[in-house]
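Colleague: Using this note's numbering, read the sequence shown as starting at 4 and increasing by one per residue.
Derived from the structure by calculation, the hints contain no laboratory data. Be aware that a few hints might be false.
Computed spacing ranges between beta-carbons, pair by pair [claimed, not checked]: (1) Ala135 x Arg201: 36 to 46 Å; (2) Lys82 x Glu220: 35 to 45 Å; (3) His180 x Asn23: 17 to 27 Å; (4) Met105 x Asp216: 18 to 28 Å; (5) Ser86 x Glu199: 40 to 50 Å.
Don't be surprised by glycine CBs; every beta carbon is placed ideally from N, CA and C.
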Amino acid sequence: MNLEFFIYDSPGFKRFLRDNPHENGEVKFLESVLEEGMNAIDIGGYIGVTTVVIAKKIGKRGKLYSFEPVPEYFNILNKNISSNGLKNVKIYQLAVSDQIGMANFYKNNASSSTVPQAGFHKSRVNATTIDAFLQDINVKRIDLINMDCEGSELFVLKGAEKTLRRNKVKIFCEIHHPLLRNLGLSVHDLVEYLRELRLQVHSVSLDDLTRDDNFEECDYIYAYS
């Protein structure tokens, strides 16, 4: 991704989205399900594309909590939030999982995850769960969770069980099939878990952003109460 610092709605950012179908698809889908005044969580904030888009869409009445554990990405994320004049975002240099404490983290170029991968640099990062985090900051209502967790999606969702049971949450989650397989999992484990929590779950194709049940090849899943 040839982007680091950017201004939302600038010609440069619009050109970047036109040239990058992956990020453009994410932005279009998020904008289609976000509403002003929502409380949202962005997991895997990276340098801030989805964070900034979500914050702009939910407006001043909304609140966004964005998580990015990698220090260099976190610093860029912070600068992009500041340069876009966003006051409704709080960012946290934390990984999100199903356990609280220190966690192994693996990074290579623009890819990072709690899932072990050959050739990736290993470090230790602080981790939390969504349930524990929201309890700590005394926030009870969450309307949307955006996730780019590179294989650790099920752990994140299990750490959010109380939140998902208590709220009518929309979940937009990128699916990394090879990394799920590295853990002995598949997208169907995520779908089954979410359906057990009485959420409707659909696959989303990056090509046309249609919602269906083709989970074997999906780029994302979208779940909602």
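Colleague: Now look at each hint and say whether the structure bears it out.
Modeller: Hints, verified against the model:
The hinted window of 36 to 46 Å between Ala135 and Arg201 is violated, with their beta carbons roughly 23 Å apart. Checked against the given bound of 35 to 45 Å, the beta carbons of Lys82 and Glu220, roughly 36 Å apart, stay inside it. The given range of 17 to 27 Å is respected by His180 and Asn23, whose C-beta atoms sit roughly 21 Å from each other. A C-beta distance of roughly 38 Å is found between Met105 and Asp216, which places it outside the suggested range of 18 to 28 Å.
Distance hint check: the CB atoms of Ser86 and Glu199 are about 42 Å apart, consistent with the given range 40 to 50 Å.
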